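Engineer: Sequence:
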Amino acid sequence: MTTQIPKNKERKLLNKLRSPIHISFIAESILECNEYNAKEILKDYIEEGVIEEVKDNKNFYRTKSNA
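Counting the sequence shown from 1 gives a position; the working numbering is that position plus 46.
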């Protein structure tokens, strides 16, 4: 993974993504960064196969186990 985030934020992110969540909430409330940086972080998790963007709802993300 190229983008590093603190372990506590990573745990919080992955726990919250059990349900689909919009990028703005992820950026502001979970990762505490702007949407561009949040998308870069999420892109790494998508490439690793950990999360996915919800197909029917653009800019919503969830863990892959909810597919």
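The hints are simulated quantities; they were obtained by calculation from the structure and are not laboratory data.
Possibly wrong hints are sitting among the right ones.
[Stated by the list, open to error] Pairwise CB distance ranges (calculated):
#1 Phe71 / Ser111: 25 to 33 angstroms
#2 Lys89 / Asn61: 29 to 37 angstroms
#3 Asn83 / Arg57: 16 to 24 angstroms
#4 Asp102 / Lys53: 29 to 37 angstroms
#5 Pro52 / Glu81: 18 to 26 angstroms
[Said to hold, decoys possible] Once the Cα atoms are required to be at most 27 angstroms apart in a straight line, the calculated DSS-like pairs of lysine-lysine come out as:
#6 Lys89 / Lys104
#7 Lys53 / Lys89
#8 Lys55 / Lys110
#9 Lys89 / Lys55
As the structure is a computational prediction, the values presented were derived from the model and not from experiment.
For every residue, glycine included, the Cβ atom is placed at its ideal position computed from N, Cα and C.
Engineer: Which earlier hints turn out false for this structure, listed by number in ascending order?
Structural biologist: As far as the earlier hints go, 1 and 2 are violated by this structure, in ascending order.
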